[in-house]
Amino acid sequence: MELTKSKDATKRLVICGILIALATILGSLSIPVLGAKVAPIQHLINVIAAVTLGPAYGISCAFVSSLLRNILGTGSILAFPGSMVGVFLAAILYKKFKKVEIAVVGEVIGTGIIGALLAYPLAAFVLGKEVALFVYIIPFSISSIVGSIIAYIILKLNTLRSFLLSN
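Just so you know, the sequence shown maps onto residues 27 to 193 in our numbering.
Note that these hints are calculated values from the structure, not bench results.
A hint or two may mislead.
To be verified - Using 30 Å as the maximum straight-line C-alpha spacing, the simulated DSSO-like pairs for lysine-lysine come out as follows:
hint	residue 1	residue 2
1	122	37
2	121	37
3	182	37
4	33	121
5	121	31
6	124	37
7	155	37
8	31	122
9	124	31
10	33	155
11	33	182
12	37	125
13	182	124
14	182	122
15	125	33
16	182	121
17	125	182
18	31	155
19	122	33
Said to hold, decoys possible - The following label-pair restraints were derived from C-beta to C-beta distances:
hint	residue 1	residue 2	range
20	122	96	29 to 37 Å
21	55	183	17 to 25 Å
22	158	123	15 to 23 Å
23	179	56	15 to 23 Å
24	43	161	30 to 38 Å
Beta carbons: idealized from backbone N, C-alpha and C, even for Gly.
Generate coordinates for the entire structure from the input sequences, incorporating the hints supplied.
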C-alpha cells in the first residue's frame, strides 16, 4: 500500500512537472481569432491537470507555470487568478461528475468569468490600469474556450487518456 502511494505521488509530480514545462515554454504562443490574440496553452494545461491530477496538484501547476512565465517576462500577473481559479473549478467539477466535458465548462467559467473578474483589482491596484470591471471577460473567455476544446480533444484520444489516467 505504501509503495503504491509513493508511486502515485511520484507519477503526479512528474506529470505536473511536464505540464508546467509545457505551459512555461509554449505559454506565449498565440493564434489569431476574430482579430484577438488567443493564448490557449495554459487553459489546455489546466483541463489536463484538473482531470489527471485533481485540485491540489492542478492549482500547483497553474501557480508555478504562471510564476515562471512572469519571471521569464513572457507572462502577466493577471495569469494567476485566471489559471488558478479555472483549474480549481475544473478539477472540483471533474471529481464530482467524472466527465471531461464538465471539466471544460469549469475551466471556461473559472477562468473566463470568475478569473477575469478577479483580474480587475490586480489590474487596477498592482498594474495601475483603470479599466471597466468586465473588460477581461471576453479575452479570458476566448482563450479559455479554445484551450479547453483542444484539451477535450486530447483527453478523448484513448492512448493518451489511458496513460494519463492510469494508476
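**Satisfaction of hint between residue 37 and residue 155, Cα-Cα up to 30 Å** = The given pair, whose Cα atoms are some 41 Å apart, is violated under the 30 Å limit.
**Item:** Holds or violated: residue 33 to residue 121, with C-alpha atoms at most 30 Å apart
**Value:** 21 Å, holds
**Prompt:** Falls inside 15 to 23 Å, the C-beta gap from residue 158 to residue 123?
**Reply:** 34 Å, violated
**Asked** Does the alpha-carbon distance linking residue 125 and residue 33 stay inside the 30 Å limit?
**Response** Holds, because 25 Å separates the two Cα atoms, which is no more than 30 Å.
**Request:** Could you grab the alpha-carbon distance between residue 182 and residue 121 and see if it respects the 30 Å cut-off?
**Result:** Roughly 17 Å separates the two Cα atoms, so the pair holds.
**Item:** Straight-line alpha-carbon gap residue 33 to residue 182, limit 30 Å
**Value:** Satisfied, since the Cα-Cα distance of roughly 25 Å is no more than 30 Å.
**Prompt:** In this structure, is the beta-carbon distance linking residue 43 and residue 161 contained in 30 to 38 Å?
**Reply:** 34 Å, holds
**Asked** Is residue 31 close enough to residue 122, meaning Cα to Cα at most 30 Å?
**Response** Holds, at about 22 Å.
**Asked** Under the criterion that the straight-line Cα-Cα distance not exceed 30 Å, is the pair residue 122, residue 33 satisfied?
**Response** Judged against 30 Å, a Cα distance of about 24 Å means the pair holds.
**Prompt:** Between residue 179 and residue 56, is the Cβ distance one that fits in 15 to 23 Å?
**Reply:** About 19 Å separates the Cβ atoms of residue 179 and residue 56, which means 15 to 23 Å holds.
**Message:** For residue 182 and residue 124, compute the direct alpha-carbon distance and say whether it is at most 30 Å.
**Reply:** 13 Å, holds
**Message:** For residue 124 and residue 37, compute the direct alpha-carbon distance and say whether it is at most 30 Å.
**Reply:** Since the Cα atoms of residue 124 and residue 37 sit roughly 20 Å apart, the hinted pair holds (cutoff 30 Å).
Hint check: violations occur at hints 7, 10, 18, 22; the rest are consistent with the structure.
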